[in-house]
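Engineer: Dock chain P against the given chain E, drawing on the hints supplied.
Chains as they are written, first to last, in this note's numbering: chain E, 489 to 820; chain P, 151 to 508.
Since no wrong hints were added, every one of them can be taken at face value.
Here are the simulated lysine-lysine pairs, DSS-like style, with alpha carbons at most 27 Å apart: (1) P:K339 to P:K373; (2) P:K177 to P:K159; (3) P:K415 to E:K535; (4) E:K722 to P:K260; (5) E:K725 to P:K185; (6) E:K725 to E:K775; (7) E:K607 to P:K410; (8) P:K289 to P:K339; (9) P:K159 to P:K289; (10) E:K696 to E:K779; (11) P:K373 to P:K178; (12) P:K407 to E:K607; (13) P:K289 to P:K345; (14) E:K725 to P:K260; (15) P:K262 to E:K725; (16) P:K260 to E:K607; (17) P:K373 to P:K303; (18) P:K345 to P:K303; (19) P:K345 to P:K373; (20) P:K316 to P:K159; (21) P:K501 to P:K345; (22) P:K289 to P:K373; (23) E:K518 to E:K634; (24) P:K373 to P:K501; (25) E:K779 to P:K185; (26) P:K289 to P:K407; (27) P:K415 to E:K532; (28) E:K607 to E:K722; (29) E:K775 to P:K185; (30) P:K159 to P:K262; (31) P:K316 to P:K303; (32) E:K779 to E:K725.
Not close to chain E: a few residues of chain P, all C-beta gaps over 12 Å, as computed: (33) M154; (34) T265; (35) N313; (36) L408; (37) R499.
Here are some, though not all, of the chain P residues that point toward chain E, as calculated from beta-carbon distances under 8 Å: (38) A191; (39) D237; (40) H419.
Hints are computed from structural coordinates only; laboratory data are not their basis. Even glycine gets a Cβ: it sits at the ideal position worked out from N, Cα and C.
The residues making up each chain are set out below.
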Amino acid sequence: MSVTVGIPRALLYYYYYPQWKTFFDHLGVKTLVSRETTRGILEKGIKSIVDEACLPVKLAVGHVLDLYGRVDYIFLPRIVSTARREYICPKFLGFPDMVRNNIDNLPPLIDYDLDLYRKGSSLYNFFYTVGRQFTHNPARILTAYKASMESLHMHCRDMEAGWLPFEPGVNHNHEQRPHDGNIHDVTIAIIGHPYNIYDRYISMNMIKRLQDYGANVVTADHLPEHVFRREAEKLPKQLFWTMNQRMVGAAFYYFDRPEVDGLIHVASFGCGPDSMTGELIERFARKESRKPLLNLTIDEHTGEAGMVTRLEAFMDMVRWRRQLDDVAATYY
Amino acid sequence: MGYMWICIKAMLEYLNVEVVVPPPSSKKTLLLGVKHAPEFACMPLKLNLGNFMEAAELGADTIVMAGGCGPCRFGYYAQVEHAILRDLDYQYQLVVLEPPQKHIGELLSKIKHITGRQSWRRVINGIRFGYHKAEAVDKLERMAHYCRPRETKAGTTDRALQNALKEIIAVAAPEGLPVALNRAVDIMKAVPLEKNRPVLRIGLVGEIYTLLEPFANQDIERKLGSMGVEVDRSIYLSEWVNEHLFLGLVKNTRNSKLAKQKAVKYLRHFVGGHGLETVGSTVLYAEQGYDGVIQMLPFTCMPEIVAQSILPRISSELGIPVMTLIVDEMSGEAGLVTRLEAFVDLLARRKQTREVLA
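Extracted from the complex, chain P is given alone in its bound form:
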């Protein structure tokens, strides 16, 4: 899922677990997944399944997956994927990390199972290391979002981001992280920018996997960036980890509480997944003066469909253009680009007329 592998890998390798990173999601991954997954499952499941199959070819023998307890389908993914893989004769051992049903010991013993004979202290350090890496990656991504529409030479930001990420990936122990982060930030700062260029600002909301995984969203951030749009995502990895896995342990970060409060007027109950956050973030972006909002969801995603049906009302009441993009295995790149260009044109025109009127 996006750059999540960087932190998970760091965490597990710190704990001396051998990690197999499957190749980045590609058409081939998706094809593998589509072939064996249930037809109406959403795209994340299909991609995931493909990832596991590719990882098996590289010698992985244990799947570690997050779980959940509904009402989004994700909570049952691990079991369904495991059943599919077993029927395909992949010998995988499944470890699902999820809120325990009966006793906290269930979760702890699962962690112990993965980490082997490591002290709890080291496990906790490992988790912290992973989290800090996630924060670092998010910081670089935010800088890239800022730089991309303003770069003087097309493509420099992307190259800088890749180099900066390499610095972060290479760090093997927590002590080295701050130095590496400084180096990475310097790389990003070196991108030549035209600071006064007028840019549009678009907020990206929607389902977490499609937002974070560039293959799933067809690199929408880069595409928008090159059209002169500064992008903000409603979800960043470290924020998500902090909120859902650490239950808000790390303070003073942006969290979804505000978004949830804003959503109440339109959606009065949580609907699983990120439905409520999608609604709330759209309201927030409107209030912060963004020029537009794009919602992304995989086809048949239940929580986002609820949100999708509510967004038009927000759009008309708060006067912010909203576009919904649905992705699945049939999504074509040209179709997406056309729609993005049209949307961006519309926003630019709207902004111009407003400035003239004002």
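One chain only, chain E, in its complex shape:
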């Protein structure tokens, strides 16, 4: 009988799920993803963790609880660092321990360290230790690892081609995302952590809403790595959070692009890194650009109506400003 590994639909799921799934598939291990976020899942998470934790962490705990009783293992890698001399947020570093010390009778956690901080550390070590749990055949782990890297690249290429993670219709041929037939007269860049903007419940379907308002939505994940890294070098000191480097780099890049009409920065309440980078982006926007920037902070109380009002107002402003620019261009 094969075992089932549960993967919470939270945090870095949006980047690495294809990789993890392929890896486990090749080892003959079944995977189960927690259900899509609902009010119930979020409530469960809020009840089980300290109030001060940020929304994504509470939600992730909710997803872990959703897997409770349905799986043999829970895959909760301690993602310390995914690039040299860079970290992920401290809460990711302690997340497995936060879960372990707050929830009793959990199924065993697979929480090996994924740490690429030092020179010479390799992703393979991590996958090897994980693989050893299920097979003793190193060759099998290596094949699984190679296949998993392949699907990670595929996933990244898909996103660079303009798809959103796990959007229906992705065909993996890396062609630009076809036009969907509706009229999109403006382009809006959404800058935020993947687990905030792609989770439909948490972001209140922000991307879909904007598309319905006639906007083309681009995110930081549509940029290849070298682009946002180059842009982020405009900062006086290199940021040591990988994800925020992506956000800042993407924000700088989109501020410079003529086809982007406005930016939305999405942060969750109490997010540590975002408080710093949000400030940097805002200051950059004021000084270097005329593009409108909307700062949205989300937490577990966000009311949908408030969000809709702000998005609508923002869209109106973007269109209005563009018209004004057109008029100005005609006269001068």
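Structural biologist: Same frame as chain E, but now just chain P:
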């Protein structure tokens, strides 16, 4: 940050650098900081920003700040604060002392930039002088922690501590320090004490800035002292300097290695800041028979939130009451006092019942 200015000032003045000490952090400092800092930044950043603005009014032109490389936000503070100050038209030059990215020369040239034409020998002497002052201050603070709950007349310890610190501050050259320290220790010893009075012992753990800066923690040590509690902090300035700046060069001092070992059972990886030390020290205090532990953190502090979520487990497994106090610009004094009194009452009662049972 607490009494840190004493040693930094000593060090830089020894090197003939003119030092502007901003007025002690106050409501005004905090208001200045809150007004201009990002909303979700933690309180240390806001206070710091306020300090710099107040120092600018007194004529400072260069900021010297420590840096870091994550994952705690502190590593990026200097840059964000500098950007804010620049937008507010403060003409500051920024010097960040941090682990060099490429070459050790970067750090050395920065030190050279501050000190000017001084020999390296003198620079090193200056640093040592600063460190010894930190040690002296810590020693006096420890004595004050011991005296406060036992003093026969309320307030004598605080007055003695202030006088003793004045002795230390006044020293301008390394040679004079031992004598001054002796005088200071004598002042502290002169505080009349009732040695047999039963006291509670509480360990303070948490984020370093809130622990060391009396304004940030609303003078919690004095408040607890006057309630008859002997306090121990998990972090003292000289220990921190020794560990992080000298990389453990000075031997035979208490360091966080033990705390880190103790923490492993509950938290298996470091989380930046002092998260791991907080967890480990709590375990240590429990083992040393302290009556309770208080964790202090600024609102939204990431490493401490991780620690905070783990402390309840330690508390129930090792049977030590733990209270978490979160401070931010909205903290009120009365709220804090009420909570402290309740906590201390609880500990006293618990101790009493145990003694009766035993």
